[in-house]
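Required output: the full structure, derived from the provided sequences and hints.
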Amino acid sequence: MFPGATAEREGTDVRGQEADRGGANFVVVGAPLDATTTFQPGTRFGPRRIRTFAETFDDYDRRTDQYFSDLGVADHGDVRAWDDIEAYLEWLEGTLRDVVWEDAIPLTLGGEHTVTLAGARAVEPEVVVSLDAHLDLRDAYDGNPLSHAAVMRRILDDVDSVEELIVLGARTGSEAEWERAADDDVTVVAPEDVGDWSFGDRLEGRDVYCSVDIDAADPAYAPGTGTMEPFGLEPREMRDIVREVAPHTSGFDVVEVNDRDDGQAASLAGKLVREFVFSNAAATVDASRSA
Numbered sequence: 033m034f035p036g037a038t039a040e041r042e043g044t045d046v047r048g049q050e051a052d053r054g055g056a057n058f059v060v061v062g063a064p065l066d067a068t069t070t071f072q073p074g075t076r077f078g079p080r081r082i083r084t085f086a087e088t089f090d091d092y093d094r095r096t097d098q099y100f101s102d103l104g105v106a107d108h109g110d111v112r113a114w115d116d117i118e119a120y121l122e123w124l125e126g127t128l129r130d131v132v133w134e135d136a137i138p139l140t141l142g143g144e145h146t147v148t149l150a151g152a153r154a155v156e157p158e159v160v161v162s163l164d165a166h167l168d169l170r171d172a173y174d175g176n177p178l179s180h181a182a183v184m185r186r187i188l189d190d191v192d193s194v195e196e197l198i199v200l201g202a203r204t205g206s207e208a209e210w211e212r213a214a215d216d217d218v219t220v221v222a223p224e225d226v227g228d229w230s231f232g233d234r235l236e237g238r239d240v241y242c243s244v245d246i247d248a249a250d251p252a253y254a255p256g257t258g259t260m261e262p263f264g265l266e267p268r269e270m271r272d273i274v275r276e277v278a279p280h281t282s283g284f285d286v287v288e289v290n291d292r293d294d295g296q297a298a299s300l301a302g303k304l305v306r307e308f309v310f311s312n313a314a315a316t317v318d319a320s321r322s323a
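When we follow our numbering, the leftmost residue of the sequence shown carries the number 33, and every step to the right adds one.
What the hints contain is simulated information worked out from the structure, not anything from laboratory work. Ideal Cβ positions, reconstructed from N, Cα and C, are used throughout, including at glycine. Careful, some of the hints might be misleading.
[Stated by the list, open to error] For lysine to any residue, the following SDA-like pairs were computed, each having C-alpha atoms within a straight-line distance of at most 25 Å:
no.	residue 1	residue 2
1	303	271
2	303	38
3	303	97
4	303	87
5	303	116
6	303	98
7	303	252
[As the list claims (entries may be wrong)] What follows is a list of derived Cβ distance ranges for each label pair:
no.	residue 1	residue 2	range
8	118	87	29 to 37 Å
9	114	225	19 to 27 Å
10	211	95	40 to 48 Å
11	71	320	43 to 51 Å
12	230	190	28 to 36 Å
13	71	224	40 to 48 Å
14	94	230	23 to 31 Å
15	234	211	20 to 28 Å
16	204	84	23 to 31 Å
17	97	33	23 to 31 Å
18	206	102	42 to 50 Å
So this is what it looks like as structure tokens:
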């Protein structure tokens, strides 16, 4: 169970409202898919490691004056993965769509980045914000259109609601990917520019899905990932992006954590999940007070 969360269908939410899911505002879903990792496998262990290394985090958040355990977070557990990627994504999509239909926000713990396609299908956002070292805009990799290296291309091509993709921290890609990234529906911000870049009002009034590939971080901070790429983002930069995007976001995931470090990648992933929850919940409270 994710620390500070209740088991699914237990408890009430922060507003004391009962719902079919037990009043949850956020639902953690593990998606341990590890089928197309191209260098160092191990993403099947990602959800477990994120939960484990998040155990030491304090319940209280001083910045937002909130307790994580008060915010209606439920842990669904893992959706067991198997080798039929298309079938697995359909099953995962159904699980995440159930969360959305019950007015909660799915928090998916990967697993390889391919699982984000299920999240986007379930949430049907207008904008996808991806923190990633890679563009993931290949039409296919090794002949597989459902490779983790093609996930953002699949989302742009196959999820009708998506109007725009914003990739923050990308620093590598094939020539064809960079050509696709030059189209009007894609914005790419290099790591060295992220600190001074702003969303402005481009998220206002739009439904957003936020995906964090842990390799967006420089590998000095998160070596436990499959395809490390130097010269990446600082953890505080990633935190600031998540905080800014969270009030507009209806689905969130953190992916590509594996078991090949001492917990650096998993602890960063777990902390970003919590930062998302605190920021989204605080924005919801502020909005209700001003209504």
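Hints, one by one, checked against the model:
{"no.": "1", "hint": "303 with 271", "verdict": "9 Å, holds"}
{"no.": "2", "hint": "303 with 38", "verdict": "18 Å, holds"}
{"no.": "3", "hint": "303 with 97", "verdict": "16 Å, holds"}
{"no.": "4", "hint": "303 with 87", "verdict": "10 Å, holds"}
{"no.": "5", "hint": "303 with 116", "verdict": "31 Å, violated"}
{"no.": "6", "hint": "303 with 98", "verdict": "15 Å, holds"}
{"no.": "7", "hint": "303 with 252", "verdict": "17 Å, holds"}
{"no.": "8", "hint": "118 with 87: 29 to 37 Å", "verdict": "34 Å, holds"}
{"no.": "9", "hint": "114 with 225: 19 to 27 Å", "verdict": "40 Å, violated"}
{"no.": "10", "hint": "211 with 95: 40 to 48 Å", "verdict": "41 Å, holds"}
{"no.": "11", "hint": "71 with 320: 43 to 51 Å", "verdict": "46 Å, holds"}
{"no.": "12", "hint": "230 with 190: 28 to 36 Å", "verdict": "30 Å, holds"}
{"no.": "13", "hint": "71 with 224: 40 to 48 Å", "verdict": "24 Å, violated"}
{"no.": "14", "hint": "94 with 230: 23 to 31 Å", "verdict": "25 Å, holds"}
{"no.": "15", "hint": "234 with 211: 20 to 28 Å", "verdict": "23 Å, holds"}
{"no.": "16", "hint": "204 with 84: 23 to 31 Å", "verdict": "30 Å, holds"}
{"no.": "17", "hint": "97 with 33: 23 to 31 Å", "verdict": "25 Å, holds"}
{"no.": "18", "hint": "206 with 102: 42 to 50 Å", "verdict": "46 Å, holds"}
Consistency note: the structure conflicts with the earlier hints numbered 5, 9 and 13.
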